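Asker: Each chain is listed here by its residues.
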Amino acid sequence: MTQEAELGLRDRLAQLSGVKLLRGTRLSAELERLQRQLERLREDTTDEEIWRSVELARHEKRPYTLDYVERILDDWFELHGDRSRMDDRAIVAGIGSLGGRTVALVGHQKGRDLKERAVRNFGMAYPEGYRKAMRTMALADRHGFPLVTLVDTPGAYPGIAAEQHGQGGAIARSQAAMLRLGVPSVSVVIGEGGSGGAIAIAVADRVLMQENAIYSVISPEGCASILWRDASQAKKAASAFKPDAAHCLELGVIDGIVPEPEGGAQVDHDGAAALLREALVAHLDELAGIPAEELRRGRRAKFRSMGVLAHV
Amino acid sequence: MPGVSGTGNIDVSIEHKRADPAERDGTGHPNTCPGCGSHYRDEELAEHLRVCPQCGHHFPVRAPERIAQLADPGTFEEEDADLRSADPLEFFDLRPYVERLAEAELGTGLGDAILTGRAAIDGHPCRLAAMDFSFMGGSMGSVVGERFARSCERTAEDAGVLISVSASGGARMQEGILALMQLPKTIVAVEELHEAGGALFSVLAHPTTGGVTASFASLGDVMLAEPGALTSFAGPRVVAQTTREKLPDDFGLAESNFRFGHVDAVVPRGDLRGTLARLLRLFGGPS
Numbered sequence: 001m002t003q004e005a006e007l008g009l010r011d012r013l014a015q016l017s018g019v020k021l022l023r024g025t026r027l028s029a030e031l032e033r034l035q036r037q038l039e040r041l042r043e044d045t046t047d048e049e050i051w052r053s054v055e056l057a058r059h060e061k062r063p064y065t066l067d068y069v070e071r072i073l074d075d076w077f078e079l080h081g082d083r084s085r086m087d088d089r090a091i092v093a094g095i096g097s098l099g100g101r102t103v104a105l106v107g108h109q110k111g112r113d114l115k116e117r118a119v120r121n122f123g124m125a126y127p128e129g130y131r132k133a134m135r136t137m138a139l140a141d142r143h144g145f146p147l148v149t150l151v152d153t154p155g156a157y158p159g160i161a162a163e164q165h166g167q168g169g170a171i172a173r174s175q176a177a178m179l180r181l182g183v184p185s186v187s188v189v190i191g192e193g194g195s196g197g198a199i200a201i202a203v204a205d206r207v208l209m210q211e212n213a214i215y216s217v218i219s220p221e222g223c224a225s226i227l228w229r230d231a232s233q234a235k236k237a238a239s240a241f242k243p244d245a246a247h248c249l250e251l252g253v254i255d256g257i258v259p260e261p262e263g264g265a266q267v268d269h270d271g272a273a274a275l276l277r278e279a280l281v282a283h284l285d286e287l288a289g290i291p292a293e294e295l296r297r298g299r300r301a302k303f304r305s306m307g308v309l310a311h312v
Numbered sequence: 001m002p003g004v005s006g007t008g009n010i011d012v013s014i015e016h017k018r019a020d021p022a023e024r025d026g027t028g029h030p031n032t033c034p035g036c037g038s039h040y041r042d043e044e045l046a047e048h049l050r051v052c053p054q055c056g057h058h059f060p061v062r063a064p065e066r067i068a069q070l071a072d073p074g075t076f077e078e079e080d081a082d083l084r085s086a087d088p089l090e091f092f093d094l095r096p097y098v099e100r101l102a103e104a105e106l107g108t109g110l111g112d113a114i115l116t117g118r119a120a121i122d123g124h125p126c127r128l129a130a131m132d133f134s135f136m137g138g139s140m141g142s143v144v145g146e147r148f149a150r151s152c153e154r155t156a157e158d159a160g161v162l163i164s165v166s167a168s169g170g171a172r173m174q175e176g177i178l179a180l181m182q183l184p185k186t187i188v189a190v191e192e193l194h195e196a197g198g199a200l201f202s203v204l205a206h207p208t209t210g211g212v213t214a215s216f217a218s219l220g221d222v223m224l225a226e227p228g229a230l231t232s233f234a235g236p237r238v239v240a241q242t243t244r245e246k247l248p249d250d251f252g253l254a255e256s257n258f259r260f261g262h263v264d265a266v267v268p269r270g271d272l273r274g275t276l277a278r279l280l281r282l283f284g285g286p287s
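As they're listed, the protein sequences go chains R and A. The numbers in my numbering rise by one with no breaks, and the one at position 194 of the first sequence is 194. The numbers in my numbering rise by one with no breaks, and the one at position 109 of the second sequence is 109.
The shape of chain R in the complex, shown without the other chains (with noise of 0.2 angstroms):
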């Protein structure tokens, strides 16, 4: 981490412990969460270590979201279809219980061997799936049930019947469904949070990722291959455009680092799971009794403020 970034970091810790809110316990929960990150972030991610979080991000044995439903949810019940045409598989939709609170859960779903992978569409969603999506997030603003979203997608799917049917708008439109919640909301990047397909589902008041999990604007093949012309070139595009939960937080990008067990989610399932419980449990405390309208009024202004800009 550059000293700038840690700088830029510090001034985030000072702004925050500066800013007097009617909800104090939320706001000291927030402070040493970016202190104990600051300390993590103290050493410097290399472009070694991106690409070693792009590489687990996709390992084809991480957990997906099914995996974490069934260790984090009591009693889930699964959601089907669009209410309109059909049911896209790559994205799951539900509801459960988590620590005694109904929530409303909604993630990508890649599949683990072959026949899975087919049916899911390696978790890259139609436009159908993006209406799943959203009709769940009514469902659970009508009675009040806060939403999850685990994000782990390459992308939305480039293909001829899902531009047909609507990808782009679709996209939009759930952004924008998340921005009118009037409950809580969490989102998750658990694995590769691709672009388009990704920000669909996370636009959320607090906005994670675990360790090692990448999310970008682009895939680093597809943009080694417009801008280097190689997509072999994958390695160099990701160490610039930093698609790593570090770079992530230091751009004010996401509100904070899940940690993985030791060597990734990949080697233990449960472990990883109950890290991400926790982090879930911690954030939907603090967000809880929240009124709706601070509660989208907050959500609003931090994605209205996200971007960099200079000056003539």
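Quick caveat, the hints were computed from the structure, so don't treat them as lab data. The structure presented is a predicted model; accordingly, all values stated were derived computationally and were not measured. Please note that the accuracy of each hint is not assured.
Said to hold, decoys possible - Some chain R residues close to chain A (C-beta under 10 angstroms, calculated; not the full set):
#1 Gly159
#2 Gln175
#3 Arg180
#4 Tyr215
#5 Ser232
#6 Ala234
#7 Lys236
Claimed, not checked - Counterexamples of contact, computed for chain A against chain R with all Cβ distances above 10 angstroms:
#8 Glu47
#9 Thr75
#10 Met173
#11 Gly252
#12 Ala265
Backbone N, C-alpha and C fix where the C-beta goes; we use that ideal spot for every residue, glycine too.
Assemble chain A onto chain R, guided by the hints.
Answerer: The following block gives chain A in isolation, referenced to the frame of chain R:
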């Protein structure tokens, strides 16, 4: 704007690198019609709103010329002209991002890939946000997102109408994840415009793809597209590579999007100003 239907020597680092197929192949002069092969002097094309008088092919239009085509003469006042991209990632591919930015600014005379401001159309006050494909493929980074969002917010203040004319290859890779964050940022602004009672008319020009399609450009109260414009989330090359299927001839084109219900009308450029004026009247913006 002199001789600028294409991108000249500007390096455009987005998949749909050239707005014009003939130019993309490097075979045609920017003022040679890829539809029928007719060649025009630049003033000739400009007089015809850059639509081929022979076959109706719509050539790309730069942002300043687009505004001149749509706004009542002398009414356009640019806003947020001072905003520029920073380089938070210190991005370097074959060349540094800052160098590409400087070159794009010199080549286009624009500060970034969108031009925003107040204007009037047929006497109706409104705001215009016109994208320019020749500035780094019309890619959306922090400045495009910010100018669009501010334009929305100013329009919301008097519950007016914002007209966006998009032409973009998608999010700007050189700004990494922050470019992706411009999607929700612009959507926040559209949401607030709508809640204030204002309206967004979204005009999709060739090409509108990727992150711009997946954000504000798809959220217009009224969706218009220019004839023959490619308006899709994924570009045809990516779709062909992924699916290994033969694409329909009209894949992602305005006419196909009309058939599938994603746009309200395909409007030839000659009718665009009149159509927008009629909509402004109907939406009852202050006049």
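Asker: For every hint, state whether the structure bears it out.
Answerer: Results for each hint:
| no. | hint | in the structure |
| --- | --- | --- |
| 1 | Gly159 | 5 angstroms, holds |
| 2 | Gln175 | 5 angstroms, holds |
| 3 | Arg180 | 7 angstroms, holds |
| 4 | Tyr215 | 6 angstroms, holds |
| 5 | Ser232 | 14 angstroms, violated |
| 6 | Ala234 | 12 angstroms, violated |
| 7 | Lys236 | 8 angstroms, holds |
| 8 | Glu47 | 34 angstroms, holds |
| 9 | Thr75 | 25 angstroms, holds |
| 10 | Met173 | 5 angstroms, violated |
| 11 | Gly252 | 6 angstroms, violated |
| 12 | Ala265 | 16 angstroms, holds |
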